[in-house]
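Colleague: Chains as they are written, first to last, in the numbering used here: chain A, 1 to 260; chain B, 1 to 313.
Derived by calculation from the structure, the hints in this document are not laboratory data.
Note that the coordinates shown come from a computational prediction; the quantities given were computed from them, not determined experimentally.
Glycine is no exception: its CB is placed at the ideal position from the N, C-alpha and C atoms.
This list has only true hints and no planted wrong ones.
Facing chain B, a subset of chain A residues (Cβ under 8 Å, in silico):
| # | residue |
| --- | --- |
| 1 | 251 |
| 2 | 252 |
| 3 | 253 |
| 4 | 254 |
| 5 | 255 |
| 6 | 256 |
| 7 | 260 |
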Amino acid sequence: MLIIGEKLSIIAKKVREAMMRKDKGPIQDIAISQWKSGAGMIDANIGPAEDGGEDLMQWMVTAIQEVVQLPVCLDTTNYKAVEAGLQVHNNQWGRPLINSTSNDPERFAMLELAARYNSQIIGLTVGKGGLPADADERAAIAADIMGRAAEYGVPIEDLYLDPLVLQIATSQDHALKVIKAVRMFQELNDPPMKTVVGLSNVSNGCPKHLRPVLNNYYLSLLIYEGLTAAIADAHEISPTVKTIDVLLGKTLYAHSYLEM
Amino acid sequence: MALALPKETYSGKVYSVTIGNDPGALTFGGENVLPFHTFEGSSPNSPVIACEIQDVPPDDWPEEVQKPYKDVSHNPVSWAKFCQETLKAKAIALRLTGTHPDRENRSPEDAAKTVRDVISATDLPLIILGSNHAEKDASVLISAAEAAKDRNCIIGKAQEANYKTIAAAAMANNHKLIAMSELDINLSKQLNILISQMGFDKERIITDPMCSALGYGLEYTYSVMERIRLAALTQNDSTMQQPMLGDVGMYVWKVKETQAAESDVPQWGSLEERGIAWEATTAIALLMAGTELLIMRHPRAIDAVEKVIGELI
Numbered sequence: 001m002l003i004i005g006e007k008l009s010i011i012a013k014k015v016r017e018a019m020m021r022k023d024k025g026p027i028q029d030i031a032i033s034q035w036k037s038g039a040g041m042i043d044a045n046i047g048p049a050e051d052g053g054e055d056l057m058q059w060m061v062t063a064i065q066e067v068v069q070l071p072v073c074l075d076t077t078n079y080k081a082v083e084a085g086l087q088v089h090n091n092q093w094g095r096p097l098i099n100s101t102s103n104d105p106e107r108f109a110m111l112e113l114a115a116r117y118n119s120q121i122i123g124l125t126v127g128k129g130g131l132p133a134d135a136d137e138r139a140a141i142a143a144d145i146m147g148r149a150a151e152y153g154v155p156i157e158d159l160y161l162d163p164l165v166l167q168i169a170t171s172q173d174h175a176l177k178v179i180k181a182v183r184m185f186q187e188l189n190d191p192p193m194k195t196v197v198g199l200s201n202v203s204n205g206c207p208k209h210l211r212p213v214l215n216n217y218y219l220s221l222l223i224y225e226g227l228t229a230a231i232a233d234a235h236e237i238s239p240t241v242k243t244i245d246v247l248l249g250k251t252l253y254a255h256s257y258l259e260m
Numbered sequence: 001m002a003l004a005l006p007k008e009t010y011s012g013k014v015y016s017v018t019i020g021n022d023p024g025a026l027t028f029g030g031e032n033v034l035p036f037h038t039f040e041g042s043s044p045n046s047p048v049i050a051c052e053i054q055d056v057p058p059d060d061w062p063e064e065v066q067k068p069y070k071d072v073s074h075n076p077v078s079w080a081k082f083c084q085e086t087l088k089a090k091a092i093a094l095r096l097t098g099t100h101p102d103r104e105n106r107s108p109e110d111a112a113k114t115v116r117d118v119i120s121a122t123d124l125p126l127i128i129l130g131s132n133h134a135e136k137d138a139s140v141l142i143s144a145a146e147a148a149k150d151r152n153c154i155i156g157k158a159q160e161a162n163y164k165t166i167a168a169a170a171m172a173n174n175h176k177l178i179a180m181s182e183l184d185i186n187l188s189k190q191l192n193i194l195i196s197q198m199g200f201d202k203e204r205i206i207t208d209p210m211c212s213a214l215g216y217g218l219e220y221t222y223s224v225m226e227r228i229r230l231a232a233l234t235q236n237d238s239t240m241q242q243p244m245l246g247d248v249g250m251y252v253w254k255v256k257e258t259q260a261a262e263s264d265v266p267q268w269g270s271l272e273e274r275g276i277a278w279e280a281t282t283a284i285a286l287l288m289a290g291t292e293l294l295i296m297r298h299p300r301a302i303d304a305v306e307k308v309i310g311e312l313i
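Chain A with its partners taken away, still in its complex shape (with noise of 0.2 Å):
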């Protein structure tokens, strides 16, 4: 399953600064030790970033692919930025991922971008309006997105389906529906459509103490059932994912598995 590093966020207040002062050192600090603990991508998540954006996701993905081997995750609602982004991602080391498309009408000119430039992209299942009901809804949404992405010129392929992980504190409920959404999303298509996920935010709220737990327990379910990449702290799952590999077969059991 590929990792996508997830800690270099806006939101984070070390990230926020780094970024304000144009400081590379944190931010490939960071990048470094999500290439170590075994992401397969960074995500370089700026926010809406209206003021500067361009400039600001220019700086960031190359700052990240001057210390790591690895492409870039452009995870803003900023047109102008990915656009901005993709223009110097260095694909030498793997194709881009826009993060993301979906059906509100605002979000279908990033499928022009990934046509463009021959980027892949996430479609996350939600509309303009409220959240999805449940997995027949999400995948509803997801055949809608499949469709745009065909009419924009997007492999189906380079599609990442992503089924809105929503929080457990708040919405009990959506965990097993996303989990059915990441099923049903492998069945739209043959071969299987790729699915993705933005792990953390199902323990967003919840006591510091509990949330690798829940973000762990959690990613297993949805490997079991075909997940092909997580937005995630590659340091904090790196784990579960090495031993799920060991326990589906697909990496043979050494005791010193963990470490390698």
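Assemble chain B onto chain A, guided by the hints.
Modeller: Positioned in the frame of chain A, the structure of chain B alone reads:
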């Protein structure tokens, strides 16, 4: 329409390992396909057969396999020269049998001298093996590795009980290393990990999952080797991509079928032919399972296996 054969593609590749120094250096491994599946990918090097000699006369070997060496095996130097000059061997495996505490119990210094003597007599790539006594091997192989410094030999065998010393000696003297475990794929992987965690380059390890002779557990060796190779190729497991060793001669030439007299079992046919066939058949089975390096004893068995390799590659 012509028939298009289905082809597998693999994500992993076996490390290629070079032993010896030019002009006699040899490279084996390096393939990204199952054994002899040359039609599916790249298999740049042929498996290598090393001719086994030892530091003491082979009075522990059955009569039939002593015979070809009867004029030279009193001395490892003349034996090594015979392998190189008369048999045209590509590599030599020197087993320091005489260092075993239950045999002559020769000292590490004696072993070092034997290694130096053999090295000065032949420029073939050399595999230096202990007597398979974990404790004694640790001291013997340190001296042997030093005596062969920079000759790019293979030193072995490192096992769970002694790998730290032997790996350190191989590393310090620029040799390759055999990592041996006892017919357990998970322990084989674990030993490779432990050795590489010492700082030993994993691309300089040769895996010995433990050999066995036809009729005496060969299917266990075969199955472990096959699974190691599948992990290397289909799961791209970098801890399982080492070439594998089949230490065939030692296991074959102690089973009943290579020793029972024709007068006792006339229905089994010629003893000489039987022994040769037993060694060759065991070796070919292990080639099919994925081994890239064989240690063998009888010159005619070696010839037979070389011929099969030549036809399959």
